[in-house]
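Chemist: Turn these sequences into a full structure, and let the hints steer you where they fit.
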Amino acid sequence: MTSSPLVPEISLNPLPQSDGSCQYTCPTSRTTILTSVNGPLEVRPKDELPNHATIEVIVKPGIGVAGVRETRLSSLIHSTLKSLILTNHHPRTLIQVVAQIVQAEDHTSLPLLLTPLLNCTILSLLIAGIPMRTVGWSVHLAVLQHPPKTVKTAEGQVFRLGRGGEDEMETEESEQIVVRNPNGEILGQAESSHTVTFSKEGEVLLIESMECSQGSGGQSADGQGWDISDFLRLAEEGKRICCEEGVEIIREALADRKVF
Amino acid sequence: MVSSSRIQCKGAADALGYCHPVRRWWVGDDDDDDDDDGDGDGDGDDEGKEGVAVNASGVDKSHACELVAISPYPTAEATWPSSAFLLGSDLKLKPKSKPDVEPCKQTTHFQMLHFEGSLDWVFLPVLSTSASLVSTKPLFSPMSSLTPQVDSGESLPPPPPPLTFSTSLFRQISPALYLQRHLLHSPPTRPNGRSPSQCRDFTLTTNSLSHAHGSAVVRAGDTAVVCGIRGEVLTIAPGDDPSRFESYHSSPTSATHACGSRGAGGASWGGLIVTNVELSTGCSKKYPLGPPGGLAQTLSDQLHELVNVTKLVSLDSLRIYDREDYSDVTPNAKIKGYWSLYIDVLCISLDGNILDAAWYAIVAALKSSRLPLASWNQTEERVFCDSSLYHPLSLRRSLPFTTTFALISLPHSDDNGGGTTVLLNDPDSYEEDEACEFLTILSTTDFEIVEGELSRSPLAGLRTRVEKIEKRGGCKIGLRQIESCTHQATSKAARYIQSLMKEQLTPI
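Those protein sequence lines, which keep their order, are chains E and L.
Throughout the first sequence, residue numbering follows full-length UniProt numbering, covering 1 to 260 in sequence.
Throughout the second sequence, residue numbering follows full-length UniProt numbering, covering 1 to 508 in sequence.
Rather than coming from a laboratory, the hints here were simulated on the basis of the structure.
Bear in mind the structure is a predicted one, so any value in this text is a computation, not a measurement.
Beta carbons are placed, not taken as given, at the ideal position from N, Cα and C, and that holds for glycine.
Check each hint, because a few of them may be wrong.
Said to hold, decoys possible - Pairwise CB distance ranges (calculated): (1) L:198 / E:252: 31 to 37 Å; (2) E:14 / L:429: 38 to 44 Å; (3) E:48 / L:280: 45 to 51 Å; (4) L:161 / E:42: 42 to 48 Å; (5) E:41 / L:446: 38 to 44 Å; (6) L:382 / E:159: 53 to 59 Å; (7) E:223 / L:392: 19 to 25 Å; (8) E:222 / L:239: 33 to 39 Å; (9) E:14 / L:381: 18 to 24 Å.
Unchecked claim - Under the rule of at most 25 Å between Cα atoms (straight-line distance), these lysine-lysine pairs were calculated in the BS3-like manner: (10) L:476 / E:46; (11) E:82 / L:502; (12) E:239 / E:82; (13) E:60 / E:46; (14) L:285 / E:200; (15) E:82 / E:60; (16) E:82 / L:286; (17) E:82 / E:46; (18) E:239 / L:476; (19) E:82 / E:200; (20) E:239 / E:200; (21) E:200 / L:476; (22) L:334 / E:82.
Modeler: And the structure:
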């Protein structure tokens, strides 16, 4: 089990009128998401699928009106849910997921929002009793190359990637640390950000990883990025976190619900 | 196990309304059938729950089913197993026998819908009884084990001939099967004639728009996009802090700033470059005229993110200084404004994989852009642009390119229990419709350029840096496959660079 500072605050069914709802607060960045799931509902004839349920994901922003970023977030969640929900169990119906960003450090940052949104959505789908093939869990990993001393992290939040056999890079690589679920301050200093989502069985559901170092572009940006083998080791670590700790978090959160 | 409540039987009229015009198999059962279709439909719902094959009248007297299937290959008969398990991984047809069968008189053809991975079986009658389909020809051999073993009688109708379709019709009515059959061949070939790892040929034309500061037209297969870049002068008001434009990805200091930046039409941190994608140009019948839909919005955001992730444009080259003479930049020259770049991508024709085409068009258009020399005029207190002098944008030396893959899962082969998957490089829209899993890799590779040509050194030895990976939908891709995809991305980047050099836009 994880150390306590890394366990998100989960409150189930805060919205009693919906079929299933969940409020999720990321322990480090304090990003708070509230999701509600309703379904199976009647579907608009335009969206009706003959043999599958239609999944609709609406992401509501914390401030302002929804823009392209929210559309993108909902399309990412939609494509993930499509491989999780057994849509053929309720053909010609609608499963509606509404996610409201309650609180966020940066309302425009995709990596900071995606992990809480996905985890919260999956929890509320479980509460709503929507038949799912498996469950998934998402974790956000930030890679810091030269970690400044000022970064405040919780215990167990930081780890290093072990390198197998490649000694010549040892001194350089030892300065690279990985921070789980970083907050906005840490992400601002990070070299790259990786949001990985794995199912309970270890299948890759979603990968959204990008270079995010600061800079003024042009020639100075040459040579940025990472080697694919570094990414694979990071993804393996993410898989371990999702499959072991993530599933444990879901299990504990739903302990008395008997749905998992 | 087929759950009984999942089996449905609909009338012929309903069927045409309900069914997707794809994924069809034709099933004929040698049973009698009263011609009263409308009457029988109601019964069909009840009877259909018992068995698998249900005839139009709904009275389940089918003791055997005959599957007449279509294959893109002339030798398809040989690939059909002679049992009742036919056509792909999880399509199973179980003839149900009933002892009290009336002699068959007419033939009904059923359309059977089956969706992969589901437990659902839907049988829909498509053709009502039709004498023209009845013929005395024997069924071809793989089907013979499925022909009904009815006692000889004069009322037994001759078995229907196999329904055959042209390849183009098969392509329309059963895209998933059509694609699978192609990919199961050895060597695997896609319906468009490419191998799975082969991308489409593309052409590039730059600076064809006279009013834009830079433009590019990219055509890859039947996907064609136009990218135009227009610079606008953004004057820094006195007291405004210009530092927020000096870095990509610099985080806002408070939520109120973030709110303000949203309202300011995209001029946010590192937001001097604004991207927009227009799909409502009649490029595809899926995207009608109107406000931008989900895909167009997602693409706009993705491309903006790509600009930010790659830090393609040097923000230094977008500064407008307070100086009279362009030759030298004094270190204490004051920044009076910025060039804001509006990148508009119009899709002319959409045949899949628009992200790669759009990103390549953006890179080429930025590479060919020429901005007028601008400077701050003290007396007028405005920014003035020179009418004849232009300067290029300074970009990165190693240009990043995206490569998109679509994953198609193949039915279970005989040897191993699990189904295999095929990653298709540069999918077209026909393949995109069938794939549920997509992988986009943004990578840069430092190529050696010798005498204006890419050096012929093996690509495997080159160092490829990945800057962005996006994998969405589905669950079948493995981490090892992602690694092999980066190698394919490298070879695609080499082709991109070559085509850029042809347009006299050398990467250096």
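Chemist: Let me make sure I understand: some of the numbered hints might not hold for this structure. Which ones are they, in numerical order?
Modeler: 1, 3, 5, 9, 10, 11, 14, 22
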